[in-house]
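J.: Protein sequence lines correspond, in order, to chains A and B. Per full-length UniProt numbering, residue 1 is the first one in the first sequence, and the count goes up by one each step. Per full-length UniProt numbering, residue 1 is the first one in the second sequence, and the count goes up by one each step.
Think of the hints as simulated: they come from the structure by calculation, not from any bench. All of these numbers come straight from a predicted model, not from anything done at the bench. Take the hints with a grain of salt, since some may be wrong.
Pairs involving identical chains hold if they fit within one copy or between any two copies, as the list cannot separate such chains.
Said to hold, decoys possible - Pairs of lysine-lysine residues, derived as DSS-like cross-links and limited to a Cα-Cα distance of at most 30 angstroms, are as follows: (1) K219 with K294; (2) K112 with K219; (3) K219 with K50; (4) K272 with K294.
There are 2 protein chains.
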Amino acid sequence: MIRPFRVGIAGLGTVGASVIQILDRQNRTVAQRGGRPVQVVGVSARDRAKDRGFDLSRFTWFDDPLALARSEEVDCVVELIGGADGTAHEVVRTALSLGKHVVTANKALLAKHGSALASLAEEKGVSLAFEASVAGGIPVIKTLREALPGNRVSRLYGILNGTCNYILSRMELEGLTFAECLKDAQRLGYAEADPTFDVEGFDTAHKLAILTSLAFGSKIDAEAIYVEGISSIAPLDLAMAHELGFRIKLLGVAERTETGIEQRVHPTMVPKTSSIAQVMGVTNAVTIDADAVKELTLIGPGAGGDATASAVVADIADVAGGKAGTTFGRPVADLEAAPRAPMQRHEGGYYIRLTVHDRPGVAAGVATRMAEADISLESILQKRSEMAATKDPHGRSGAPVPLVLITYAATEASIRSALDKISRDGLIAEPPQVIRIERE
Amino acid sequence: MIRPFRVGIAGLGTVGASVIQILDRQNRTVAQRGGRPVQVVGVSARDRAKDRGFDLSRFTWFDDPLALARSEEVDCVVELIGGADGTAHEVVRTALSLGKHVVTANKALLAKHGSALASLAEEKGVSLAFEASVAGGIPVIKTLREALPGNRVSRLYGILNGTCNYILSRMELEGLTFAECLKDAQRLGYAEADPTFDVEGFDTAHKLAILTSLAFGSKIDAEAIYVEGISSIAPLDLAMAHELGFRIKLLGVAERTETGIEQRVHPTMVPKTSSIAQVMGVTNAVTIDADAVKELTLIGPGAGGDATASAVVADIADVAGGKAGTTFGRPVADLEAAPRAPMQRHEGGYYIRLTVHDRPGVAAGVATRMAEADISLESILQKRSEMAATKDPHGRSGAPVPLVLITYAATEASIRSALDKISRDGLIAEPPQVIRIERE
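Taking the hints into account, I'd like the entire structure generated from these sequences.
T.: The following block contains the structure:
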């Protein structure tokens, strides 16, 4: 008889509990894929007494997750504790050091310590697998690591945070404000009490850092990522996007440019007809542009206990069967320290919403500053409110009105410089809203 | 030094040529993934003199692909000849019998001989990989085989034939007839001179047979598939679909039902808001419904030399690294001979377009027959042409007019029985158009 592959699970939240239940119900399929039976032997969590809906007595209980990581009973530690440092980091490092495989869903850990942990895994000849760390149940890690060796990836972009996509979807469909939708997201459990990590783009940035490394064969470089969240998006921006044929999504984008690898997280205008624009609610999606395969899009659940556990279980089966390969799809020594492309050099289309004083010459003044910075405009939309239009014979109220510009490809630096001048000219009443456009 | 993994390529059409070029340019990445260098050592094709844009002199030339399959120089045979039987089958069988790995893009071969070849591969301890056989560059084989062991799949459906999707997309967007779009597809090289295989759904059926086996762990059973093509689709159906909030796609659908596994290929009404409805032109897509991951959709190029070669190269790297696993994700002995769910037992919504005689009582007669068969109607649309409406005070011309019914879930048998009666009642002037509805 083949010796079973013995798994220890550190962290029994919704994902951990679901991993146990899935391994029970899919035992045969997992064994077929892994080439041997998979057996959970030990578990560790904060609260032993908590009702998880199933019996824990058949597993060895560890009060200390580090003891589980050190246990000789365990071939593979599944780390579901979370956090870039502290216990999670120690558990993973300990397990790898002792020659145990590790499966984790911990994006923060990977984004911060990925290269060091991959080196350790390599040195010890064990696997470090992390499909569940990005985009929940979508097999995007496997796709980037295994399905595209024949491709040179030029760009990837994704909706990697369900909270943000839920908020933007509801703002768009119901004309609500960011604050209203955030409150609902919190009520439904889609957002944390402190939502900063999600809505300000940091969660997306961690995930993007991991995908970038896999896609470009580069060392993880989370600090290089330009990050902007969605809290500044106004219902008016969504209405304008609709009118202009776009939707607004919080994207993580990684792109190979002439200066290096550009990594950025920001609200983005995407064409309404693109695959990624169709992705609404808490769903995640990733599009990969590559030379041979052209465009590949994967859409699925980005979170949730079962979907994340599905990814964990796939990793366990791969590791049990010796099929996980190197952590980032190549030896750590082969990962390049790719030059960072600075955000100021980013080139693309821009949506710019100015709140201008409603008086003669303002549009001309704005257009002149744009022209001076060598920025070509694809369209200009001025919206005058109906109330304002009744105030004087020219329809001017003197009150600030929105002026929306769509530019052709321009650099971030030139856009920023033009907007500074427009601001100094006294043409605008509020800081400008700037949303980058990403085309297919 | 590690011995290179020696590949022989049988068939040098656009895919074969692209495999050689990709292995040249991505050599390092493929070696990193495969754990050793990959080297094309031999090639075989019909015409040695043909200009393929690169030099063949560095490879051993085989006039006879069987000689290549037998060559001791070769560790892995890449079969790109095509066809369910004849040379392709012999090449694959010979290579496997001699303990060589096989990578193939041949869906017809797999659909017909998949189980037997998988047994042979298993017996000889070698891999048989076929990512390129379904949906070109989309890693759907890998996803079903490796990413979902924690899932019980309930349904999968896909746009698996680019020719059909191109034709339906153009019919919809430009209001053209099937014949007009087919001609364009042929001119652009998207359709063969004899398009039967594509437009009548047989190509989709081969691919569906393969996906079904992977998704449900069942033996390939291509003969169980109900197949209907797109040649009967009229511009009026697309216009009605639009009005009713649907798009028409040729789908391959495999579903676990109470009676067994249902496999069917037919034009299908899908909700306009679904991910799969967004897929236009020659692009392919597959959606997988499963218990843990809920819904997963993969979208990408279904054909083309480079996209298909991308899948072939990924297989080569997996096989070189010993990571391909068993052919269908489990030992052949574990594949179930799942009961076939007969089409008559299919249950779902239906779009029915009748061409009825325009006289009193016809709509009532139709509705009565539907009610007798226990079919509930979600909507009824009667379109009377403007010309007809001028003929008499009641707007009736006596000439046949379309009457469209959308049903709630009903069985194929009850629909067929009701339509037979309606036909025998003399209510319709033409055979009915029936299009099944597939909801998310």
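J.: Give a verdict on every hint.
T.: Going through the hints against the structure:
| no. | hint | in the structure |
| --- | --- | --- |
| 1 | K219 with K294 | within (24 angstroms within a copy, 33 angstroms between copies) |
| 2 | K112 with K219 | within (11 angstroms within a copy, 45 angstroms between copies) |
| 3 | K219 with K50 | neither (40 angstroms within a copy, 43 angstroms between copies) |
| 4 | K272 with K294 | both (20 angstroms within a copy, 25 angstroms between copies) |
Hint 3 from the list above is the single one not met by this structure.
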